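Kindly generate the complete structure, drawing on both the sequences and the hints.
Here the protein sequences come in this chain order: V and B. Number 155 in full-length UniProt numbering belongs to position 155 of the first sequence; there are no gaps in the numbering. Number 263 in full-length UniProt numbering belongs to position 263 of the second sequence; there are no gaps in the numbering.
Hints were generated in silico from the structure; no laboratory data involved. Any given hint could be a false lead.
In this list, chains with the same sequence are indistinguishable; a pair is considered to hold if it fits within one copy or across any two.
Listed below are the simulated BS3-like cross-link pairs for lysine-lysine, each with C-alpha atoms no more than 25 Å apart in a straight line [claimed, not checked]:
(1) K150 to K289
(2) K195 to K150
(3) K56 to K213
(4) K213 to K12
(5) K56 to K217
Being a predicted model, the structure only gives us computed values, none of them experimental.
Protein chains: 2
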Amino acid sequence: MEEVKNRFVTIKNHINGAPNESDFEIRSETIYTESKQVVVKNMYVSVDPYQLNRMKSHSSSQAAINFSAAITLGQVIDAYGVGRVVASGRPDFTKDELVVGLLTWGEYTIVEEGRLLNKLDPMGLPLTHHVGPLGFSGLTAYGGFFQVCKPNKGEKVFVSAASGSVGSLVGQYAKIFGCHVVGCAGTQDKVNLLKEKLGFDEAFNYKDETDLKSTLKRYFPEGIDIYFDNVGGEMLEAAVANMNTFGRVAVCGVISEYTGGGRSAAPDMLTVVYNRVTIQGFLAADYLKCYGDFISTTAEHLRTGKMQALCDISHGVESVPSAFIGLFRGDNIGKKIVQLEMNE
Amino acid sequence: MEEVKNRFVTIKNHINGAPNESDFEIRSETIYTESKQVVVKNMYVSVDPYQLNRMKSHSSSQAAINFSAAITLGQVIDAYGVGRVVASGRPDFTKDELVVGLLTWGEYTIVEEGRLLNKLDPMGLPLTHHVGPLGFSGLTAYGGFFQVCKPNKGEKVFVSAASGSVGSLVGQYAKIFGCHVVGCAGTQDKVNLLKEKLGFDEAFNYKDETDLKSTLKRYFPEGIDIYFDNVGGEMLEAAVANMNTFGRVAVCGVISEYTGGGRSAAPDMLTVVYNRVTIQGFLAADYLKCYGDFISTTAEHLRTGKMQALCDISHGVESVPSAFIGLFRGDNIGKKIVQLEMNE
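Structure follows, in structure tokens:
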């Protein structure tokens, strides 16, 4: 039996609007591990907007609760990440091995059997790449773009939250595939980054625009074939109004609505009918069947420099709450990751 | 050259809200036909809600105009129907033949080359069946249910405007296919008809309900797998809130919004994401590839009594405006047809 002193982030209360520092606390605990458990020292963990849905008391969506159980006050919070095994009671993991899987917003994760954990071969790439473009954000972008959007070469693609963890990858997949790609983001720096570093054909700052329908009409004079939606709300309405016949909208996230501040989208259903638009929600977990393709394709693109990984890293367990809160203010550029092991 | 005295319905002005008698007039004209034209005496013509979208001045949806050109004031209005050839300048049609295709809200149709017109074999079924369940309403129901909804046996299906021209057929296809089917309509008589004549498992009057989300939860304790949407608005929101994972919503029409009175649907996109719901607009014209299957299957069901054709017939060209206006008040039960040739 191993004794582990752990510090972790938890919520003090359920959160129904935008999250604040006061909603979180750092707790300390001593864990006495049992046989058949694997103890992982967390190195890099993912910080994602969807986690807010698990922190709500009465989720606006019953579905959210059904899919992903609500977080219990005071308990550890799951997060995807990369770590190193420090003790293992299982034959399939040994001490000092690198692993990737469902870790926690804490210094250590006690991994019970059945919990997602795999050995990690870094393939010569930085460990943060395995949390971002080769992690669940990557699979979300890959599955969402190729399986849900079903692109054809030359099609016109619009990506919202395009400098975010998923959007930045979708835009790059779409460019490599041969689509015309326009992204939007919330600062001029992000817009520049999309055009200069990620190769988007066009990008704009949605905060500078007063009439999003006209804005999209300007950027897509021939209409939008594919809209990869990370935000919902008014942008979804504006995109639907500009969709071409047989256009596809992949709904990946609804960040404008997570904090309860934004207006729900009321897309024009007459356009949906006449233009035969498909609006489809999806989760990365449904595309695990293309996991092998996803990893090999993406690792190759990263290695050859065809794709760029945007990672935005904070340091230490204490930084998790502010990293998370910042997501809803658009503070992050690319994948938000917290590095937990400082001597790495 | 043939001289035809024709009376037809037209609009005096564009219509942006609910239609009124004063928006329409009956005009008389004398047509001198040319060679290569076919003159059809209209017998039964279809009256459909979507035609209102063509009567708007500034369509709420640019898409509607793109797909289906706006109606010109004072001109004849196209409508699907059955008629008899009274003169033909084309070798492929002969006098006295029955035909089906794109006719008009008038006594005669002058058919130019390229306009949809086919010889009609009634297959021993009433001519009205060829306007309704074997016409475009039927193809809409068949294509929408089988191709868009992609049903599996045993799935739970919800149909709105279930006693309407399309809904009444969708519900019957779904029952025959082996689904559990619940419909809604706007009067108790219609509700009784759905359950007693059309074999729906359950039906309810939406006007008796105050909270549609709860109503659907009551009728679908295990959730909805397929929602065939004819109405949009609040019902679409309520259905989306009750969709099962991988549920499909086929958006066929948005009658609650055509007249500008209803509120646009703002379906909960968080449910769309977490439950991986697909919302897809469609038009019957996209499913012409399954026309042969559709006709043979449906004719067989009608002949054997497995399916019932609900037809609601008015008489004479003068009755077209009130028949059309009545669609938006829910006056019709089943397919609204105007019979134009009284001595048939």
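Worksheet item: Of the numbered hints stated previously, which ones are contradicted by the structure, given in increasing order?
Response: 4
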